[in-house]
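Those protein sequences? They're chains A and B, same order as listed.
Just so it is clear: in the first sequence, position 41 is 41 by the numbering used here, and no numbers are missing.
Just so it is clear: in the second sequence, position 107 is 107 by the numbering used here, and no numbers are missing.
A few of these clues could be false.
[As the list claims (entries may be wrong)] Partner residues aside, some chain B positions facing chain A, computed with beta carbon under 8 Å:
#	residue
1	GLY2
2	HIS3
3	MET50
4	ALA54
5	GLU55
6	HIS58
7	PRO86
8	VAL88
9	LEU137
10	ILE140
11	GLU170
12	LEU172
[What the hints assert, rightly or not] Simulated coverage check for chain A against chain B, where a stretch passes if three residues somewhere in it have a Cβ under 8 Å from a Cβ of chain B:
#	region
13	37–49
14	86–96
[Unchecked claim] So these bits of chain B aren't anywhere near chain A, every CB distance computed over 10 Å:
#	residue
15	THR48
16	ALA53
17	GLU60
18	ALA75
19	TYR120
20	THR156
21	GLY186
Since the hints were derived computationally from the structure, they do not count as laboratory data.
Beta carbons: idealized from backbone N, C-alpha and C, even for Gly.
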Amino acid sequence: MQITLTIPELETERLILRGPKAADWEADAEFRTSDRAQFVGGPFTRMVAWRNFASRWGHWAIHGYGMFTVTERGSDAALGVVGPLYPDGWTEPELGWVLYEQAEGRGIAFEAAQAVRRYAYDVLGWTTAISYIDAANQRSRALAERLGCHAEPGAAHPFEDADIIVYRHPKPEVC
Amino acid sequence: MGHLDIPVLETRRLVLRGPEPGDYPDFKATFASYRSRFMGGPLNPYETWMLYAAEIGHWEIRGFGMWMIHLKDSAETVGMAGGWQPAVWPEREIAWIIWPDKAGRGYALEATDAARRFFYTQRGWDGAVSYIDPKNLDSIRLAERLGAVKDTEARTIDGNDAVYRHPAPEALKNSQIADGIALEIGHYCDPLFKPKGWAID
Numbered sequence: 001m002q003i004t005l006t007i008p009e010l011e012t013e014r015l016i017l018r019g020p021k022a023a024d025w026e027a028d029a030e031f032r033t034s035d036r037a038q039f040v041g042g043p044f045t046r047m048v049a050w051r052n053f054a055s056r057w058g059h060w061a062i063h064g065y066g067m068f069t070v071t072e073r074g075s076d077a078a079l080g081v082v083g084p085l086y087p088d089g090w091t092e093p094e095l096g097w098v099l100y101e102q103a104e105g106r107g108i109a110f111e112a113a114q115a116v117r118r119y120a121y122d123v124l125g126w127t128t129a130i131s132y133i134d135a136a137n138q139r140s141r142a143l144a145e146r147l148g149c150h151a152e153p154g155a156a157h158p159f160e161d162a163d164i165i166v167y168r169h170p171k172p173e174v175c
Numbered sequence: 001m002g003h004l005d006i007p008v009l010e011t012r013r014l015v016l017r018g019p020e021p022g023d024y025p026d027f028k029a030t031f032a033s034y035r036s037r038f039m040g041g042p043l044n045p046y047e048t049w050m051l052y053a054a055e056i057g058h059w060e061i062r063g064f065g066m067w068m069i070h071l072k073d074s075a076e077t078v079g080m081a082g083g084w085q086p087a088v089w090p091e092r093e094i095a096w097i098i099w100p101d102k103a104g105r106g107y108a109l110e111a112t113d114a115a116r117r118f119f120y121t122q123r124g125w126d127g128a129v130s131y132i133d134p135k136n137l138d139s140i141r142l143a144e145r146l147g148a149v150k151d152t153e154a155r156t157i158d159g160n161d162a163v164y165r166h167p168a169p170e171a172l173k174n175s176q177i178a179d180g181i182a183l184e185i186g187h188y189c190d191p192l193f194k195p196k197g198w199a200i201d
């Protein structure tokens, strides 16, 4: 039997967003087992980190969309992950992003997030999008605001015991 | 990329196919239940879904993985069985889980026997282990029916599990264990066979 895994590549000025590769694991594990992962429910054990890593292919197979690995043109090294995300329990499809430490401070997450939002709107046909962000995650909140998002106070989210802000992205027409 | 090829295995009563999106509700019901307590559960919907998606990713990353066990007659699913080796697993594992209301009919034995034979004969595995919670008596019993023996020297996952080592391909070939497995599966296939007493997978 065959499981369809068609994953496009998105290009921006400096970046290539591609499907996950097994070689991305160590960079991802380093992030997910570090304190940097505190705003996405971590730090995690390597075992739980691997479940999250391996799930990316299944996400593409099940939904036909999923997380992209962020790379810079000229290098295939993983700098983070970004993309549309809709696991069981989510109140609606999300645009998610994670940037590894070595890629911070150069506007890479902004560039990548803009590209996947355009992909979600233009290719997937989404009419709206949200991002769940931990209230203490100042860098991610600043990025959401730079992307034109607005907090929706009181909006539903699946994280019972966490202080999460639901950011609503601007409509497709104004992006 | 484009496609992920997962072989389909057939046994007397079962068809083993790769995990598909439509099979998720059955998986979710089991991982929400106490049945999953020896496989890291019960899990919330997010964790369950991520694990299910990871079952598919495992095939892509490792080139092997877990099959969904379907009944030939009705196509309904009764559990999962196959190979499993996420990060931190010291060795390749033969693993299984049977939905709680499908236990006691020999499905796990029939599926794991087929999966092990596939890995040994088609993928060149020279052995395998099963990591089992020492309190999971049903699974220990299945490991022993498969001819696996507790290996106290082997590295465990985290010290809380027992390692059962499966017979190597040469030791299994034409062995009493192999005959015993075939005989037992034969009994379960017999409509007149109505085992009483302890339900086993």
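Here is what the structure says about each hint:
Interface restraint check for GLY2 of chain B: the shortest CB-CB distance to chain A comes to about 6 Å, inside 8 Å, so the restraint holds. This hint holds: HIS3 of chain B has a C-beta 5 Å from the nearest C-beta of chain A, less than the 8 Å allowed. Here the hint on MET50 of chain B is kept, as its CB sits about 4 Å from the closest CB of chain A, short of 8 Å. Taking 8 Å as the C-beta cut-off, the interface hint given for ALA54 of chain B holds, the closest approach to chain A being about 4 Å.
The beta carbon of GLU55 of chain B is positioned within 8 Å of a beta carbon in chain A (closest approach about 7 Å), and the interface hint is therefore held. The criterion of a C-beta within 8 Å of any C-beta in chain A is met by HIS58 of chain B, whose closest approach is roughly 5 Å, and the hint holds. Hint status for PRO86 of chain B relative to chain A: holds, with the closest Cβ pair at about 5 Å, below 8 Å. Hint status for VAL88 of chain B relative to chain A: holds, with the closest Cβ pair at about 5 Å, below 8 Å.
Contact between LEU137 of chain B and chain A, as hinted, is not supported at the beta carbon level, the nearest pair being about 24 Å apart and thus beyond 8 Å. Against a cut-off of 8 Å between C-beta atoms, the interface hint on ILE140 of chain B is violated, since the closest Cβ of chain A lies about 22 Å away. At its closest, the beta carbon of GLU170 of chain B sits 31 Å from a beta carbon of chain A; the interface hint therefore is violated under the 8 Å criterion. Hint status for LEU172 of chain B: violated, given a least beta-carbon distance of 27 Å to chain A, over 8 Å.
Proximity of the region 37–49 of chain A to chain B, defined as three or more residues with a beta carbon under 8 Å from a beta carbon of that chain, is established by the 4 residues found. Here the region 86–96 of chain A counts 4 residues with a CB under 8 Å from a CB of chain B, which clears the bar of 3, and the coverage holds. The non-interface label for THR48 of chain B is inconsistent with chain A: the shortest C-beta to C-beta separation is roughly 6 Å, within 10 Å. Not every CB of chain A lies more than 10 Å from the CB of ALA53 of chain B, the least distance being 3 Å, so the non-interface label is violated.
Its beta-carbon lying about 5 Å from the closest one in chain A, GLU60 of chain B breaks the requirement of being farther than 10 Å from that chain. Every CB of chain A lies more than 10 Å from the CB of ALA75 of chain B, the least distance being 13 Å, so the non-interface label holds. With 10 Å as the threshold on Cβ separation, the claim that TYR120 of chain B sits away from chain A holds: the shortest Cβ distance comes to roughly 21 Å. Listed as outside the interface, THR156 of chain B is consistent with that label: its C-beta sits roughly 13 Å from the nearest C-beta of chain A, beyond the 10 Å cut-off.
Its beta-carbon lying about 28 Å from the closest one in chain A, GLY186 of chain B satisfies the requirement of being farther than 10 Å from that chain.
Violation of the numbered hints given earlier is confined to hints 9, 10, 11, 12, 15, 16, 17; the remaining hints are satisfied by the structure.
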